[in-house]
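Undergrad: Could you build all of it, start to finish, from the sequences and the hints given here?
Listed below are the residues making up each chain.
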Amino acid sequence: MTLVSDIPLDITMREAEQFHGLQCRGLLQSKSVSHLEDLLEELNSQILFGPKIAYSAVPLQGVVNGRLYLPGQMVLNAPIAAHRLRRASYLLLGACTLGGAVAIRIATLFAEKKRFKALLLEQLANLALFKLSARLQAFADDEARRLGIQASGPLSPGDDGFDLSAQKAMIDLSGARDIGISLSSNYMMSPQHSMTILYGLGQKMDRWSQAQNCENCRSRKNCRHRDLSARMSGSSHA
Amino acid sequence: MSDQKSQLIDHIVEMREDEALSLTHKMLDAGYDPLQLLAHCRDAMDQVGKRFETQEYFLPELMMAGDMLSQISDIAKPLINKGETGEQASTHGTVVIGTVNGDLHDIGKDIVTFMLEINGFKVIDLGIDVPVSDFVEAIQEHNPQVVGLSGFLTLAFDAMKQTVDAIEAADLRGQLKIMIGGGQVDESIKVHTGADAFGKNAMDAVNLCRDWVGVAA
Ligand code: B12
Numbered sequence: 001m002t003l004v005s006d007i008p009l010d011i012t013m014r015e016a017e018q019f020h021g022l023q024c025r026g027l028l029q030s031k032s033v034s035h036l037e038d039l040l041e042e043l044n045s046q047i048l049f050g051p052k053i054a055y056s057a058v059p060l061q062g063v064v065n066g067r068l069y070l071p072g073q074m075v076l077n078a079p080i081a082a083h084r085l086r087r088a089s090y091l092l093l094g095a096c097t098l099g100g101a102v103a104i105r106i107a108t109l110f111a112e113k114k115r116f117k118a119l120l121l122e123q124l125a126n127l128a129l130f131k132l133s134a135r136l137q138a139f140a141d142d143e144a145r146r147l148g149i150q151a152s153g154p155l156s157p158g159d160d161g162f163d164l165s166a167q168k169a170m171i172d173l174s175g176a177r178d179i180g181i182s183l184s185s186n187y188m189m190s191p192q193h194s195m196t197i198l199y200g201l202g203q204k205m206d207r208w209s210q211a212q213n214c215e216n217c218r219s220r221k222n223c224r225h226r227d228l229s230a231r232m233s234g235s236s237h238a
Numbered sequence: 001m002s003d004q005k006s007q008l009i010d011h012i013v014e015m016r017e018d019e020a021l022s023l024t025h026k027m028l029d030a031g032y033d034p035l036q037l038l039a040h041c042r043d044a045m046d047q048v049g050k051r052f053e054t055q056e057y058f059l060p061e062l063m064m065a066g067d068m069l070s071q072i073s074d075i076a077k078p079l080i081n082k083g084e085t086g087e088q089a090s091t092h093g094t095v096v097i098g099t100v101n102g103d104l105h106d107i108g109k110d111i112v113t114f115m116l117e118i119n120g121f122k123v124i125d126l127g128i129d130v131p132v133s134d135f136v137e138a139i140q141e142h143n144p145q146v147v148g149l150s151g152f153l154t155l156a157f158d159a160m161k162q163t164v165d166a167i168e169a170a171d172l173r174g175q176l177k178i179m180i181g182g183g184q185v186d187e188s189i190k191v192h193t194g195a196d197a198f199g200k201n202a203m204d205a206v207n208l209c210r211d212w213v214g215v216a217a
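Residue numbers (the numbering used here), protein chains in the order written: chain A, 1 to 238; chain B, 1 to 217.
Derived by calculation from the structure, the hints in this document are not laboratory data.
This one's a predicted model, so the numbers in the text were calculated from it and none came from an experiment.
Hints are supplied without guarantee of correctness; some may be wrong.
[As the list claims (entries may be wrong)] Over the 10 Å line for every Cβ pair with chain A, so calculated as not near, a few chain B residues:
1. D110
2. F114
3. Q140
4. R173
5. A197
[To be verified] No farther apart than 25 Å at their CA atoms in a straight line, the calculated lysine-lysine pairs in the BS3-like style are these:
6. B:K200 to B:K161
7. A:K114 to B:K177
8. B:K26 to A:K113
9. B:K122 to B:K77
10. B:K177 to B:K200
11. A:K113 to B:K77
12. B:K5 to A:K113
Quick reminder that beta carbons are idealized off the backbone N, C-alpha and C, glycines included.
TA: Following this line, the structure appears as C-alpha cells:
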C-alpha cells in the first residue's frame, strides 16, 4: 500500500480557462475573471486543498463472467474491466482526494449568497481532482515499469459496465481509509471530492485515455468536461 | 435620476459587486428608503436581463447580478417595517429540491436552485444523498408546489422512482408536481420514475415551475 500526501497541485489561469467545466457559455467572460483570479490565489495558497493519493497493486487471480477475482475473496463486478483488463496479471487500485476543506468553503460561499463564486470554486475543485487523478496514472506506470510490464488506461466504478458496488473493494484494498476517505452504505465516498480508479498491469496492456472512455459514456452529449480529458491524457474521470 | 440611484444601478449592471455593496451601506446609513433601494435593484436586474436577451451577457452575469441582489436584500430587508416587505407576495411558490439517495453530484442541482431563487421561487434545498423519507418530511413541512429531484448516476434513476413512489404512498402527490433532471435524464427516465416532467437545464426547471404555478415568463 502506498500513501502519497506531498503533492503540489497548482492550477494556472490558463488551465482554468481551458477547463470545459468553466467554459460553459460565457462562464469566463470578462466580468467573472476577477472572481476566478481571486479564487486561484486562494486555492494555490493550498489552504483549501489537501491532495492525497493511496494505491496498491494486487495479483489478479482470475476473470470469470465479467467478474475479477482478487486476494482475500474480493470480487469486482465489472464486465468492462473484465474485458479490457483480461491480460493483466496485477490490478492497481487507486484512490485520491482533495480533502474536505474545499466542500466546506463552497458551502460557506453558498450560505453567504456568493453562489456564483461557489460554483466557480466547485469547478476549480473538479479540475484539481482530475489533475490529481492523472498523477495516479503516472504511479501506475511507475509500478508497472518496476514489474517489467505495462499499465492500462483508467477505469472507475460507476462507469458504464463497472458496478458501483466495487467501491467497497476499491476502498478496502487501495488504502483509501488511510488518506481520510470513508464509504457510505450506498457507496458514496466522503469527502465528496474524491475518486477511485482501477488500472490493469500486465504484458501488452491496451492503453487508453479518459477521453477515449468518454466516447462510450452515455452522458457524453451533455458533458462539459470531456475536452479537459482530451488535453490531460491519462486523467481518469470526466 | 438621483446620482446615487444611477450609480447603484450602474454598479450592479456592470458587475461591480464591492462598490454596489458599499454604496448600499452608505445610502441606507444616510437614511435612504430601503424599499426604494430595492426597487432600484430590480431596475438594475431588468437591465441585466435585457443584456442577457441580446446575448451581451450570459448565465454567469445573470448569476453574479442575482448574488448582488440577494446580498443587498439581506442588508435592506431588516430595515423595512414589518408588513411592508411583501415577502410572501414576492414568492411565486415553494420548491423542495435535492440530489437523490445514493448520488452526490450537486453542481446541476445548485445551478437549478440558484436560478429558481433569482426567479422568485422559495427553494428548500435538502442537499445530496437525500433519503426518500427526508423528501416526504420536507413536503409535509413546507407544502411545496413543486419537488425537484436531481441525479447523475444511473443508480439515481431508481432512487428517483422510489422517491416518487414514496410521495405517492404518503398521499402527497395530488398537491404537487415532480420534475427530474441531471446528466442522462430524458423522456424514458421520466416515464420510468413516474415524474411529471424532466428538464435538461436550469431554465427548463424555471419554466416548468412557472407553468405549474401559473406565473407568466
Ligand atoms: C463533476 C463530476 C464529478 C465531481 C462531482 C462534484 C460535485 N460537487 O458534484 C467528482 C469529481 C467529485 C465526481 C466523482 C465521482 N463521479 Co462523477 N461526474 C462528474 C461529471 C464530470 C459532471 C457532472 C456535473 O456536475 N455536470 C455539471 C452540470 C452543470 O451539468 P448539466 O447536466 O448541464 O446540469 C444541468 C442539468 O443536468 C439540469 N439539472 C440538474 N439537476 C436537475 C434537477 C431538476 C429537477 C431539473 C429540472 C434539471 C436539473 O440543470 C443543470 C443546470 O443547467 C459527470 C460526467 C457527466 N458528463 O455528467 C461525472 C459522472 C456523473 N460521475 C460518475 C461517477 C461514476 C463518479 C464516481 C463514482 C467515480 C469514482 N469511482 O470515483 C465519483 C463518486 C465520488 C464520491 N464522492 O463518491 C459517472 C456516473 C456514471 C453513471 N452513469 O452512473 C459520470 C457520468 C462520469 C462517467 N462517465 O463515468 N464526479
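Undergrad: Each hint: holds or not?
TA: Checked hints:
1. Not every beta carbon of chain A lies more than 10 Å from that of B:D110, the smallest distance being close to 6 Å; the non-interface claim is violated.
2. For B:F114, the non-interface assignment is contradicted: its Cβ lies about 5 Å from the closest Cβ of chain A, within the 10 Å cut-off.
3. Taking the minimum C-beta to C-beta distance to chain A, about 24 Å, the non-interface status of B:Q140 holds against the 10 Å cut.
4. Every CB of chain A is more than 10 Å from the CB of B:R173 (nearest about 25 Å), matching its label as outside the interface.
5. B:A197, annotated as away from the interface, keeps every beta carbon of chain A farther than 10 Å; the closest lies near 17 Å.
6. Restraint check: the Cα-Cα separation between B:K200 and B:K161 comes to about 18 Å, which is no more than 25 Å; the hinted pair holds.
7. With a C-alpha separation of about 29 Å, the suggested pair A:K114 and B:K177 falls outside the 25 Å cut-off, and the hint is violated.
8. For the suggested pair B:K26 and A:K113, the alpha carbons sit about 20 Å apart, so the restraint of at most 25 Å is met.
9. About 16 Å separates the Cα atoms of B:K122 and B:K77, which keeps this hinted pair within 25 Å; it holds.
10. Between the alpha carbons of B:K177 and B:K200 the distance comes to roughly 17 Å, so the proposed pair stays at or under 25 Å and holds.
11. Distance check on the hinted pair: A:K113 and B:K77 sit about 15 Å apart at the alpha-carbon level, within 25 Å; holds.
12. For a cut-off of 25 Å, the pair hint linking B:K5 to A:K113 stands: about 23 Å separates their Cα positions.
In summary, the structure is inconsistent with hints 1, 2, 7 from the numbered list given earlier, while agreeing with the others.
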